[in-house]
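Q: Since the structure of chain X is already known, use the hints to place chains H, E and U on it.
4 protein chains.
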Amino acid sequence: MARAVRAGILGASGMTGGELLRILASHPGVEVEWATSREYAGKPVHTAHPHLRGFYTGLKYTSIDKIDIGEVDVVFNALPHGVGASIVAEAYENGVRVVDLSADYRLRDQSLYPKLYGFKHPRPDLLEEAIYALPEIYGEKLRGARLAAVPGCNATAAILAAAPLVASKIIDMDVGIIVDVKAASSEAGSKPSRHSIHPLREGSARPYTPWGHRHAAEAVQVLRDLVGRGIRLSLVPHAVSMTRGVLASAHALLRDNIGFSEAVRAYASFYKDSQIVRVKPMAPGLPVDPPDVKNVIGSMFAEVGFAVEEESGRITGFAAIDNLVRGAAGQAVYAMNAMLGFDEWEGLRSPPLRP
Amino acid sequence: MARAVRAGILGASGMTGGELLRILASHPGVEVEWATSREYAGKPVHTAHPHLRGFYTGLKYTSIDKIDIGEVDVVFNALPHGVGASIVAEAYENGVRVVDLSADYRLRDQSLYPKLYGFKHPRPDLLEEAIYALPEIYGEKLRGARLAAVPGCNATAAILAAAPLVASKIIDMDVGIIVDVKAASSEAGSKPSRHSIHPLREGSARPYTPWGHRHAAEAVQVLRDLVGRGIRLSLVPHAVSMTRGVLASAHALLRDNIGFSEAVRAYASFYKDSQIVRVKPMAPGLPVDPPDVKNVIGSMFAEVGFAVEEESGRITGFAAIDNLVRGAAGQAVYAMNAMLGFDEWEGLRSPPLRP
Amino acid sequence: MARAVRAGILGASGMTGGELLRILASHPGVEVEWATSREYAGKPVHTAHPHLRGFYTGLKYTSIDKIDIGEVDVVFNALPHGVGASIVAEAYENGVRVVDLSADYRLRDQSLYPKLYGFKHPRPDLLEEAIYALPEIYGEKLRGARLAAVPGCNATAAILAAAPLVASKIIDMDVGIIVDVKAASSEAGSKPSRHSIHPLREGSARPYTPWGHRHAAEAVQVLRDLVGRGIRLSLVPHAVSMTRGVLASAHALLRDNIGFSEAVRAYASFYKDSQIVRVKPMAPGLPVDPPDVKNVIGSMFAEVGFAVEEESGRITGFAAIDNLVRGAAGQAVYAMNAMLGFDEWEGLRSPPLRP
Amino acid sequence: MARAVRAGILGASGMTGGELLRILASHPGVEVEWATSREYAGKPVHTAHPHLRGFYTGLKYTSIDKIDIGEVDVVFNALPHGVGASIVAEAYENGVRVVDLSADYRLRDQSLYPKLYGFKHPRPDLLEEAIYALPEIYGEKLRGARLAAVPGCNATAAILAAAPLVASKIIDMDVGIIVDVKAASSEAGSKPSRHSIHPLREGSARPYTPWGHRHAAEAVQVLRDLVGRGIRLSLVPHAVSMTRGVLASAHALLRDNIGFSEAVRAYASFYKDSQIVRVKPMAPGLPVDPPDVKNVIGSMFAEVGFAVEEESGRITGFAAIDNLVRGAAGQAVYAMNAMLGFDEWEGLRSPPLRP
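Residue numbers (my numbering), protein chains in the order written: chain X, 1 to 355; chain H, 1 to 355; chain E, 1 to 355; chain U, 1 to 355.
Hints are not guaranteed to be accurate.
Intra- or inter-copy, both count: the list cannot distinguish identical chains.
Claimed, not checked - No farther apart than 25 Å at their CA atoms in a straight line, the calculated lysine-lysine pairs in the DSS-like style are these:
id, residue 1, residue 2
1, Lys-115, Lys-66
2, Lys-43, Lys-120
3, Lys-43, Lys-272
4, Lys-191, Lys-115
5, Lys-115, Lys-141
6, Lys-60, Lys-272
Calculated from the structure, these hints are not laboratory results. In this text, all values refer to a predicted model and were calculated from it rather than measured experimentally.
In isolation and in its complexed conformation, chain X is listed as follows:
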């Protein structure tokens, strides 16, 4: 690249913003031009993210009121849902590429926003423009795209676990899929609350909003794209005692006369071109090597497993990812790479950190 791509980050003092800064620090072709934060305006980036001291040494947080959105080539939106929808639309119209990490451009059906996110979408006309930035399914469409909507972390895990079941048509579509999600504390971000303090969260395991998680709508939209019909899919998230990672378990019933070997084909075929999905069949007699969030921390890798309970005809697909990388900032950088013509894995090749 002749000169570095200039990037701006909206909402850079939260956890997703911090992760974006961390990843971009290793990207050879990107320069962060500005990073916004009301709380930290005027202060260096390491005030909010002490682990980044020594990086971005010249960069101070800017108030969002003071940025010039047109002076960058790409803008990342890591603001809370609804807050940045108009700003990024403006950027889009100025020819700035937009990578939106919020939910603002994920759903094509504008009627879902008031219901799920509590706001009327200001720019429904752009919803069809946005590419849902899941590499395995929309990787081609991302190339050269102008607006990318980065999938939610729980949705990413849910889709990776469930998509082969749907695409291969091996399951009973009427019964559908129940996705049971186990999520880390960093999903809740960095805003303190009564239930997010360490002594009350550590050692805890509990469901939250088990009556309809908004990420289910994303998953349903994607699965409909895959097979051209609706699917009954529920997503029940649980808070468990870890700081990073999501594990999704997608439970379904197999159609008659379908068994483990068809499942092997379904998953192998769905992920045959992926460099970052590790497919792990689980069955009695196979070596014990389950999908584990512990194996993907800090990386874009997903571990996707599956197992069949022959007696009851059930199948479960599993997907383990890092919620902040694969489920947010890493997928955002992947999108940017594809949109701007970089190698798609630029800045994303580091192996996971374990233990």
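A: For chains H, E and U alone, kept in the frame of chain X given last:
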């Protein structure tokens, strides 16, 4: 009580054995006569359980070869599955009450033992005698019983979450129930293995044996007792990053025209007589107070919640328990109390410890 | 006891207040008459402490403005430092026994309050009346006392580790003692802050206020009581990644010609009458059984160890306690028992919970 | 580089070996030629390190008996102490560069090996050749060196915390330094033991070998190099509840008339040329930004803080590092870079991962 009940513990150096000793230390009517351990024979109890130093000061571990099984009033079997089945049968025949914490007397169908536990049952004639020691369902039968089989921890949580769904007949029994379990590291006991060391387990979330957990057989047997017919039930356990507790999420489809209010009735009615089940309906608009393992640690309490996703017709029942108390040693002491005529809650009344 | 002692708790929605409620729930001679909380006024106790649902079923939080301090026999002050000092003085004058869990009556030197706690003490005349509620040192004085000041958690651990070194005069008093403290997240209470959220605290290890911890003043006061002279003692606390417990390591230099055997005598002699201090000498060749917070969780037990490095002439004394029981609510209940003529261990006899 | 440097790793299935493989996977100039493991011989690298699946795809573990030590340019020794000392000596004589991560070449005084590590050193003649691979102190000597001894993790943290105190001569050298270390569970490696299992280590805080840690000898040797005289230094390690990281707290007494400003100069001056040490003075009134292991995970960064307690004349220096990167594999790669003429930070520039 005129004089203390004399108890013996088979396999008292493991985690379940330790928890039994901890609880019995606060029981005013029981004296532990002997406690076996091959590894620690001749050594004080606090060698294996340093937290119990100062309790059982006169007691040393005995090799199992040296005990006189007839000199106690009650024997607790906390040996690995299969190892103690004959010994406790002998005790039973000598008139000693038996509380078996292993799986050896949980299943009435002898054909399941070779398949699920790898041994042919030595005393199938006693399987019908054993009372499955779940207070909410078999509490009456435990009174004065001579042989109690303490439920498995995952089975306990699964049954508590699912039983009201089945008993009330509000769910589609053909689709059945999938129980997704989140389990603590203490479930694996105190024997070290490559995957149980702290750095590899902490921060981990992964499924194990997702093709048919043996605790499912217990749950199926109990649910059949409740409604007189079989039920399709699968149990998929996951290891999560905590030391104590199990959270079971029982997913099912509601029958037509059944909704949240029927679920409220189903759970309220099932647990109306229980002193230790906290029923927690979850729905938009209700205060946020989910069932959480964090709320029951160190106690017999169970937190049972449920939520309905109206759109998809799904219901999920949740149960959070302490795997070592409610899922093992506490339920064992409850059984002993009922069998020997103590107040059933003797030694089991302490509130949970939080945080 | 003919009738139950009536107790009131000031500040009962925080962690210390919750722990006090937990312990008193098992105390046969005490009835909690009122419990204050501004935030939860009018709501049941389990709103703030969900683990206590099923206990105190008739009790609702009262605003502090609405209590009648004279209608109870004993009042526990678990308010933040400085807030309750006048209220409990009023109670004291009405003949109500006072057990103060804050720092308000710990220090006899009134000049320390402005400096360490930022307030001028409203009742310096009462400072000499208050008995510092550390059973090992002031147990006798607590009997029948009217005002008890419950030691701070870090101070309790520091004193238990260091006192035998001072009392036995085996260390170089001019060099003095440096107490390095490792503290759990529950020490910070239940008020959320930017640094107390789970993802940023879990896996963390960092010092805080390492230039002079206010608990050092308590420890110095106690050690002066023991030997009649001042001692150079510093206390450097560190936040580590656990929810309960404090481990204090008291480092000092031995006087010439003093070695391990003198240390054995010093610790054995200091704790010879204690039922709840487990003395654990550590040296090459002895069984590995270190003092560990893991061994005392949920209990009044302290594990006190020590080791000598012959070559350098150093000695380290260690003390591991539960910060919320031994370091707060348990010690408060012990004080109440002694003040009111109960058996001193009433309500405090449960073994620790492990794992 | 014209062609990649060929590397061999002795003992590549443990935690240090895994971390070395992880870091080298991002190093553009190194090819791992062989990696030994008896247990995993013949199996792919991801069998022992599932997070590395997708890397080193052609590489299988070799038995140590089957390697040709001469066919590589550099050999890393990650075998247990004592096991690889002769093998690497042979490599050294064949002109292969040696980076030894064990303790085998750390100490120049051969008499210490039998005492501290239980073996007589087979090649005492090489001890003087080995460069102790701590960049801040021996960085110059590492350039072009043939044999590097990678510092122990606790020693690295201890030296980084204490060296400025000694080099600047601001402390009382007769009283010396006590280094109190808080260490993660990954320090104990991947071999399971009774005390390393998750349920018993999580939530624990306890000292180990508090009578003379062998890493103290390394620290003493380094500090003697700095000031040409011996120093009384003790190192007391504690196991705390985290998976990665070491925090060392070096406690000392300041000489008369020395205070905070002299400490500021001492630390600033000692680390003025370092790119990877973040110096963090701590005092009342300064922003709260303590050295924290959480800020350096996965990286070569060290956070070094210090604080002065004016009243008692104490100073504490702190150092937080990642035990597996800065305390082992990262420092090893740094040494290799310096020895072979790479940019010293090649492969080591990624920011830390937080949370």
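Q: All hints, please: hold or fail.
A: Now for the hints, and whether the structure bears them out:
no.	hint	verdict
1	Lys-115 with Lys-66	neither (32 Å within a copy, 43 Å between copies)
2	Lys-43 with Lys-120	neither (34 Å within a copy, 36 Å between copies)
3	Lys-43 with Lys-272	between (46 Å within a copy, 23 Å between copies)
4	Lys-191 with Lys-115	within (24 Å within a copy, 32 Å between copies)
5	Lys-115 with Lys-141	neither (28 Å within a copy, 50 Å between copies)
6	Lys-60 with Lys-272	between (43 Å within a copy, 23 Å between copies)
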